[in-house]
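Visitor: Put chain B on the given structure of chain A with help from the hints.
2 protein chains.
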Amino acid sequence: VAISGFALDYIFHPRSVAVVGASTSERGDQFIDALREMPFRGEIYAVNPKSETIMGLPCYPTLRDISGPVDHVMTSVPATVLPQIVEDCGAKGVKVIHFFTSGLKETGEAQREELEAALVKRARQLGIRIIGPNCLGLYVPAVGLAWISGLPKEPGSVGLISQSGANAAEFIAVSAPFGLRFSKVISYGNAADLDESDFLEYCAEDPETEIILAYIEGVKDGRRFRRVLTEAAATKPVVILKGGLTEAGGRATQSHTASLAGSAEVFGALCHQAGAVQVRSMAELQDMGVALQFIRSLPGPNAGVIGGGGGRSVLAADELTLAGLRVPPLPGEVQEQLQGFTPVAGTSVCNPVDTSVIWYGGEQAGELLARTIGAVASAPNVDFVLLEQGLQWGPRKSRDRPDFIPKWMERALETAIERCADLKKPLVVALTPLYTVDAYEATLRFQETCYRQNIAVFPDVRHAATVLSKLLSYTVRRHQLPESV
Amino acid sequence: VAISGFALDYIFHPRSVAVVGASTSERGDQFIDALREMPFRGEIYAVNPKSETIMGLPCYPTLRDISGPVDHVMTSVPATVLPQIVEDCGAKGVKVIHFFTSGLKETGEAQREELEAALVKRARQLGIRIIGPNCLGLYVPAVGLAWISGLPKEPGSVGLISQSGANAAEFIAVSAPFGLRFSKVISYGNAADLDESDFLEYCAEDPETEIILAYIEGVKDGRRFRRVLTEAAATKPVVILKGGLTEAGGRATQSHTASLAGSAEVFGALCHQAGAVQVRSMAELQDMGVALQFIRSLPGPNAGVIGGGGGRSVLAADELTLAGLRVPPLPGEVQEQLQGFTPVAGTSVCNPVDTSVIWYGGEQAGELLARTIGAVASAPNVDFVLLEQGLQWGPRKSRDRPDFIPKWMERALETAIERCADLKKPLVVALTPLYTVDAYEATLRFQETCYRQNIAVFPDVRHAATVLSKLLSYTVRRHQLPESV
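Top line first, the protein sequences correspond to chains A and B. Going by our numbering, the first residue of the first sequence is number 1333, and it counts up by one from there. Going by our numbering, the first residue of the second sequence is number 1333, and it counts up by one from there.
Pulled out of the complex, with its shape left as it was, chain A reads as follows (with noise of 0.2 angstroms):
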């Protein structure tokens, strides 16, 4: 593995890892099952007094045991076996330590944050880093480090920080659906040591890593973090959800990793001025993510809509419009060009144009789809198309006949994004999972034709109006265009 100069790169390389105090129960470790599984590119070594093997692995009963060098430890011991925990590192010489272990200075309790304190210091003397404690460490998929088994092991450019474990863990299964996938991802819990700043500095520079999320409780230096942030946005963008924005919420962010949230209005206006994009939840942080992997900057506000239902398209222009941006009326000559193939019952060609076709059967359905969509995007005032729907319109009794609705649809829509790939202007895609276990499943299929094809999908047009007026923002200030048409 290739390792380039910047500063903090090793700890995302190591050579071998161990686990120490790898569990004995027959269930396995969590730990080394995820090693194995991704698989990490290096050498694993179990640690615990207590066995002579553990999943197949030779066992030792310490750190200094192991005969080969040990980069990377991670444990979840209980907090007062620690600090032997850090003296075996520092004779092994250890670079970094990952402790799972919580438990120390979030508890609020004095003893167990001047352990926590004690830890840093001993660790700091001996030249050892430390992730943590008290969260899940590091998702590497290119070199194979994970915590947790299951994880994608594809890699991607999406670089995440997150000061809670299982955000994190939830976001990379999230998302993935939707076609994200990650350089790096640190969970850093109470960051004793390396904390917020130090990650985003690094995401910063890693030539892997083409977009920064953040998920963030705490800043423990505020003006090094404004430093940092503004500096990492200016070479790529930066999303941030900061948890704590409430006096009910900044409580819990103490109990959790122990971080004092702050001012909900600072954090904003330093976000601002660095030029980062703040979100309001997980679910956005995803949305802005998609946007920011296959959209990249959107060129102005003007929407082409297309859905099948009136209903759906009325709520459509409202939800678009209430977030910002336009659903101007197809120029005549689109209209009418629309008009040549497009059923008149039931239908609109206007903006949205409510279509049909996308019901249709055969071959025919996802010819005329993309031809919809080709008008659509042809409208010289239109900036992006927005394809919506959900796959589960019509019966829905006769799923095993050929001509079950939903099948139609599937077949019709994906013909459509295939027909696209040459399309000029941005197409994004809504696509509301309804709640059958059939239509999820075709939902999951029809997202992943989507992604592979670098087409942004959303969960439902709320979602998608959201997420594209903040893209739309970023991208006006970001190339600093005039705020357009």
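The set of hints was computed from the structure by calculation and includes no laboratory data.
Chain copies aren't distinguished; within one or between two, either way the pair holds.
Distance condition first, Cα-Cα at most 20 angstroms in a straight line; then the derived SDA-like pairs of lysine to any residue:
| no. | residue 1 | residue 2 |
| --- | --- | --- |
| 1 | Lys-1739 | Val-1769 |
| 2 | Lys-1568 | Gln-1605 |
| 3 | Lys-1568 | Arg-1810 |
| 4 | Lys-1739 | Ser-1357 |
| 5 | Lys-1739 | Gly-1482 |
| 6 | Lys-1382 | Arg-1396 |
| 7 | Lys-1568 | Asp-1341 |
| 8 | Lys-1739 | Gly-1360 |
| 9 | Lys-1427 | Pro-1401 |
In this text, all values refer to a predicted model and were calculated from it rather than measured experimentally.
Guide: Below, chain B without anything else, positioned relative to chain A:
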């Protein structure tokens, strides 16, 4: 079937239904298919001169050839044939025609607009009422009326009035896994004859309807609507989603149902004065339906929040507070009680209660979660308990093993919900559906467990926070309580 006295009730209790222009395709006729599946409690007749039988039913050349009485006619024949159908209905003594047929006034073409007006005029002369045109008509599970197969057969107490057929159909399907069931659903399209005020007035008087939900694009007679809405909202909760709040949305209502959308401000003020609740999306319409059905009223703004995961807890506290609710610290004695059985590491007993007992295996997990819920509910400064989780934390590959964490969680949640049947304060669940088919199936199962026990389930904390805040405002206004605590 008992027919009560109020004016339009006969429309919802036809003795017989004739499908005019029933489809002779191999696939069968959509309406007949739906009516037989429910099944409809009266006679079903097929009318089409091109066939002798349809789906095993004798098929009559015209309505006049049917010997028994025909109360209700459904038809999707082309617009130009409709005048003849109206004449036949007059001759046969039909009471109501549901015109699925579209391509009338909503096309904006003068000739089609005139045709619609002429149909209404002639029908009134003949004493026939019209539902539509350009709509899906009636779904009344208690008598077996339906427009498409696959809809729930179980009746309920929600009346839905929708100017969009697709929105109505989707709403029934999408809200079913959250426990909404219907007394009457009315898709009424162009409202050429019977309109929103007629159906609202009916639902207000209908003893089978306890909650009224509506999707409305335009109001035919503002003065009457104001009166009817005020009277309805004085009797039952009325929740309205207005389509066409924006200029682009209003353009879409015109091409969808020939509706003049009117001013968003005027409509908003009208709802507020009448005591109706206005919502911003179909999802919010569902959430408010669920809240009114299963929570009914909220005693105050103070949430006791229980979840697993520190980041989730932080964000839940933020969401609830930002929506205008409160997450107060639990009293010392309740925190002590929780500390008695909550592990110290990685948890919090303050509020939100972040507890790992959700992930414990065995019977104990549910018991401990139930004790947690009971303790939180016992706090005098808690008005309701919000349990929030997603059924997919933890290792995801060992799904066939007895120690698979999502299975534990499912069992723990189920046990806890069962133990909490007698809780003195509202218990509300926010269950994020994560993105695997397994987790989704588990979510559907658990949602059913909840609503079968009259517990409200929402798709995530954001949804719950938004709707609970609205429910509180509604409760306060309805009961003229002080804004509390």
